[in-house]
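Novice: Protein chains in written order, with our numbering: chain A, 1 to 302; chain B, 303 to 573.
Please keep in mind that the hints were generated in silico from the structure rather than gathered at the bench.
Mixed in with the good hints, there may be bad ones.
[Stated by the list, open to error] Rough simulated footprint, nothing fancy, chain B against chain A, three-plus residues with beta-carbon under 8 Å:
(1) 50-59
(2) 64-75
(3) 88-100
Ideal placement from N, C-alpha and C gives every residue a C-beta, glycine not left out.
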Amino acid sequence: MSPLRLAGLTKRYGDAAVVDRLDLEIAPGRCHGLLGPNGAGKTTTLRLALGLVEADAGEIRLLGHAIPAEASAARRRVGVVPQTDSLDPDFSVRENLLAYGRFFGLRRAEIEARLPGLLEFAGLAGKADARVPALSGGMKRRLTLARALINDPEFVVLDEPTTGLDPQARHLVWQGLRRLIARGKTLLLTTHFMDEAERLCDVISIIDRGRIIAEGSPRALIAGHIEPHVVEVYGEGAADWQGCADRLCRRCEQAGETLFCYADDPQAVVRKLEGRPGLRYLHRPANLEDVFLKLTGRDLRD
Amino acid sequence: MRKTNQAGHAGDSSPLTPHPSLKWLPVWRRNFDVWRKLAAPSILGNLADPLLYMLGLGYGLGQFLGEVDGVPYLTFLAAGTLAYSVMNSATFETLYSAFSRMHVQKTWDAILNTPLTLDDILLGELIWAASKSLLSGLAILAVIWALGLYTDFWLTPWLLPVIVLTGLCFAGLGLMVNAVAPNYDFFLYYFTLVITPMVLLSGVFYPTDALPAWLAAAAQWLPLTHAIALARPLVLGHWPDAPLLNVLVLLAYAAAGYLAALRLTRRRLLR
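Please build the complete structure, drawing on both the sequences and the hints.
Specialist: Right, here's the structure in full:
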């Protein structure tokens with residue numbers, strides 16, 4: 001059974017539909033990514049799914065429960081890692097987990113029994129009595145992750161779990177998430193980090209203006225939506241060179257001083273560029289970011 | 303099973319159908335655990351201030367006033383201070399402390415991701431603020447007992463339910479103000495426009511018959527007037543004149559405040 005199924009989900013604020021007839025079905029035991037620019041409707045979709053916001057139309061089933069009617073019962077089996085830090089600054093690591101466990105109706109003894117495993121999982125084994133303000137950003141994020149697991153949920157929702165973390169801390173969080181997937185949990189995560197989505201997710205839904213505009217495995221998305229090679233050309237003459245590039249590649253895009261050439265055979269482009277010492281270039285395989293930018297455009301979304 | 307609502311609100315509770323359950327208890331417990339860590343300065347701040355006022359004004363001003371309503375001024379002031387101190391304690395807790403949990407620390411957002419719903423959170427906050435104000439009331443009551451500021455000792459235990467009721471009333475109103483506050487500065491309006499005039503009109507420092515008739519009539523609409531109408535006779539040794547009315551007014555303010563808070567906070571957090 002699908003842990004989360006959304007059908008025709010719509011949420012409007014005034015005239016703007018933030019979520020617009022969105023359909024989504026998540027496979028059990030998988031990591032599903034929601035990828036989209038700012039304001040695409042990612043967080044609203046999660047809040048709708050958890051029964052925290054009322055939809056204007058559509059159907060939501062979370063772990064077999066109709067949302068929002070049975071949201072409380074559904075949330076009992078869900079873990080949530082929110083985007084903003086909401087740890088209790090007056091509590092120690094242990095006290096944060098104790099207080100949060102009680103919200104699920106767990107008894108102290110049950111929570112205490114889960115604590116060592118959770119602290120070990122979060123890499124906070126020696127930190128049980130540390131106060132929250134003394135933790136680094138990465139530790140806080142991992143504590144938030146541990147907190148979301150206090151009820152041993154089968155489905156974990158993560159809203160931008162690594163935003164604001166340094167590369168070391170991000171890798172630690174990813175390791176934790178991989179261990180969760182290995183244990184059979186289903187993950188739904190939003191992100192705007194392409195590398196994060198590419199590394200973690202079995203399936204990615206690219207969401208823009210409240211709709212899912214593409215869906216599939218990272219590999220399938222790249223193969224299906226974009227030419228296999230990219231040559232990025234930099235320098236003052238890059239713009240003038242576009243005419244030449246247009247003949248050699250399938251598609252060219254200009255962004256500022258940079259020309260992006262998408263090609264099936266990059267060698268022709270590279271050979272031509274060798275004869276233009278004024279231009280610098282980078283040849284690389286196409287990635288998810290190229291797909292994302294092709295589908296959602298290069299304009300800022302603030 | 304809890305009822306689904308017809309009003310079409312998000313979540314599984316509608317503001318007008320509060321359901322009896324103990325799901326609010328972990329919210330209360332969380333606040334209690336935080337308070338326990340910071341208890342010493344909090345108790346001192348909460349209790350010392352009203353006591354100093356009561357004793358300073360009671361003894362100092364009492365010298366000039368002699369008897370008020372047939373009792374020494376300190377005795378007259380005791381019931382007013384009791385209600386005033388309970389009101390202040392519940393108000394501060396639901397304004398500044400609840401606001402930092404709701405808006406700054408995002409504690410309520412975190413709790414909303416668990417099986418608890420907003421009405422559980424607000425009920426926990428309401429009862430927590432009433433619990434804290436019970437402590438303030440008890441401190442004044444202890445002084446009333448210690449200094450023998452009563453006529454009939456056996457009437458004074460009835461002050462306990464009055465304290466609880468007054469705490470719930472101002473906690474409900476405070477949560478309503480909290481729900482619409484954009485920042486901490488906003489609370490100053492509530493104090494200067496609502497709380498302070500109420501203190502001056504409700505008979506904390508002097509009998510309301512001292513007021514012009516129209517002001518005295520207006521004061522009958524204020525919850526603090528009814529809290530004092532219950533507390534003062536109990537201190538002065540007789541039963542209140544219209545206890546049922548006073549209790550109903552306090553309960554009505556508490557319930558209206560809580561329900562308005564629920565509706566307004568829902569609009570604020572669950573949209």
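Novice: Give a verdict on every hint.
Specialist: Hint by hint, here is what the structure shows:
1. Residues of the stretch 50-59 of chain A lying with their CB closer than 8 Å to a CB of chain B number 5, which satisfies the three-residue condition for coverage.
2. Counting residues of the stretch 64-75 of chain A whose CB lies closer than 8 Å to any CB of chain B gives 7, which reaches the minimum of 3, so the coverage claim holds.
3. With a cut-off of 8 Å between beta carbons, the stretch 88-100 of chain A has 7 residues touching chain B; three or more are needed, and the interface restraint holds.
In summary, the structure agrees with every hint in the numbered list given earlier.
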